[in-house]
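S.K.: Those protein sequences? They're chains A and B, same order as listed. For the first sequence, the working numbering begins at 1 and goes up steadily by one. For the second sequence, the working numbering begins at 1 and goes up steadily by one.
Some hints could be false.
Said to hold, decoys possible - Have a look at the derived ranges for each label pair, beta carbon to beta carbon:
id, chain 1, residue 1, chain 2, residue 2, range
1, B, 50, A, 163, 56 to 64 Å
2, A, 113, B, 194, 31 to 39 Å
3, B, 152, A, 15, 54 to 62 Å
4, A, 113, B, 39, 53 to 61 Å
5, B, 256, A, 163, 38 to 46 Å
6, A, 189, B, 35, 42 to 50 Å
7, B, 211, A, 122, 52 to 60 Å
Honestly, the hints are just simulated from the structure, not real lab data. Note that CB positions come from ideal geometry on N, CA and C, so glycine has one too.
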Amino acid sequence: MTLRASGLGRRFGKHWALARVDLEVAAGEVVLLAGANGSGKTTLLRLVAGLVRPTKGTVSICGIDPQRQPLESRRKLSMISHQAYLYPRLTALETTRIWARLLGLPASDVDLLPMLEEVGLGGRHNESVAGFSAGMKKRLAFIRTRLEKPRLVLLDEPFSALDAAGRRMVEGWIDGFRRSGTSVLLASHTLARAARLADRGILLQQGQVAWRGKAEEVAARLEAASA
Amino acid sequence: MSTLHPGAAPATTTAATSGAPAPDDPAARSTTSFFATMLTQTLIVLRKDLLLEWRSRSRLVSVVLFGVVTLLLFSFAVGPDVRALREGTAGFLVLALLLSSTLGLAESFRLEQEQDAVEGLLLLPIEPVALFYGKALGNTIFLSLLAPILIPVALVLYSVEPAWSDFLRLFGLWLLTAAGLSAPGTLYSAMTSQLRSQDVLLPLLLFPLVVPVLLGAVKALDLVLTGDAMGQLGSWTIMLLAFNLIYWSLCGIVFPRAIEAS
Chain A
1 MTLRASGLGR
11 RFGKHWALAR
21 VDLEVAAGEV
31 VLLAGANGSG
41 KTTLLRLVAG
51 LVRPTKGTVS
61 ICGIDPQRQP
71 LESRRKLSMI
81 SHQAYLYPRL
91 TALETTRIWA
101 RLLGLPASDV
111 DLLPMLEEVG
121 LGGRHNESVA
131 GFSAGMKKRL
141 AFIRTRLEKP
151 RLVLLDEPFS
161 ALDAAGRRMV
171 EGWIDGFRRS
181 GTSVLLASHT
191 LARAARLADR
201 GILLQQGQVA
211 WRGKAEEVAA
221 RLEAASA
Chain B
1 MSTLHPGAAP
11 ATTTAATSGA
21 PAPDDPAARS
31 TTSFFATMLT
41 QTLIVLRKDL
51 LLEWRSRSRL
61 VSVVLFGVVT
71 LLLFSFAVGP
81 DVRALREGTA
91 GFLVLALLLS
101 STLGLAESFR
111 LEQEQDAVEG
121 LLLLPIEPVA
131 LFYGKALGNT
141 IFLSLLAPIL
151 IPVALVLYSV
161 EPAWSDFLRL
171 FGLWLLTAAG
181 LSAPGTLYSA
191 MTSQLRSQDV
201 LLPLLLFPLV
211 VPVLLGAVKA
221 LDLVLTGDAM
231 GQLGSWTIML
241 LAFNLIYWSL
251 CGIVFPRAIE
261 AS
């Protein structure tokens, strides 16, 4: 099992953002996390990534506890969040080079330019990130998933800010992850598109799992739940 | 598609490229690998910070101007009493550095908060200690860059004429003082970076902690500028070195706890 969360809960002050969540994601499985704003999707992803410490419960990624062995667990996962994790004053190539070097990977132009080409930033690799649109920043952020070669990819609203070509590109990658045995935990409000890619869906409501089942049914369930 | 290879952990790569023979003992090999990885990552973070600083240069300009204005104000406050100015030069210089440092240190982690870049770094398998040492070294270099401007300005304003041979000592002591302020400053800057009241909190936390460094620096600089008849400079320099060692070790140990998952 790539991801196993058991009795996972996180409290902020008196408010439980997430409570008693059990979750298992097998190798190569794509799981859609759905829910209204504030339902706990992002908190769940951040708990899995080890960015937030659980108040209750445990998480393991490929058998590794992110709290006890943060470096080992981070070698197994990649996360794309709302924020692009970029330095506006650096160029796309410089940003990618820093990531590659920190990962201990080759970081010459020859190694990195094809990746920037792949995300559609080939001709603009020497431009400052500050001048990039939100979609271009998102494309650049996605390079992390290409560099890290993770076992688990956490995607928080991966289609937001992307144009049609960008969305197709991300769809292709998610498909590629599945084929290569990489698991994906995908939180999105673009349910129709995300459901096409996911093997199953989980509906979160007020921090708890309200429903589990086929990804195609998530939208209807969410609508019923919010009615 | 990418040509990069999966699973290339930093430790392995660094050890492989360092050229150093791997010790037979697995524990020793692990320790060597840890330090090699940490050093590599520290240098990457340092290089990134220096590049970011070079790109904007606004922080350096504002901090230098702030330091010069501070020295000017001391000069006006004391008035035309040249003897008093000379006697206070070391203190004025250290105060100018201290006040300028809060301006610069607070800004160092703000860069990381833009677009949650620091979170992006922490999602990579990077040693948090390397992040600390990279940023603290960057801040030390940044504060050291004030020396070639503030020291000559102070010497001219306060009519102090040290021997040419003393300039090297002055810069050396400045470097030690900058390092002594940078280690705790970087730690507190990280701890307060997400708070709205950072500008108030940072000096409140930092100033009491760095009192020994300030005392040592004022005394040592004064001995260089006004003469060291009793041969005390060595002792004060050793004290500065000792506090640097303590700060750089302790802050390195505490930093991962300060930025770990909340």
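S.K.: Quick one: which hint numbers does this structure break? Sort them smallest to largest.
M.R.: Violated: hints 1 and 4.
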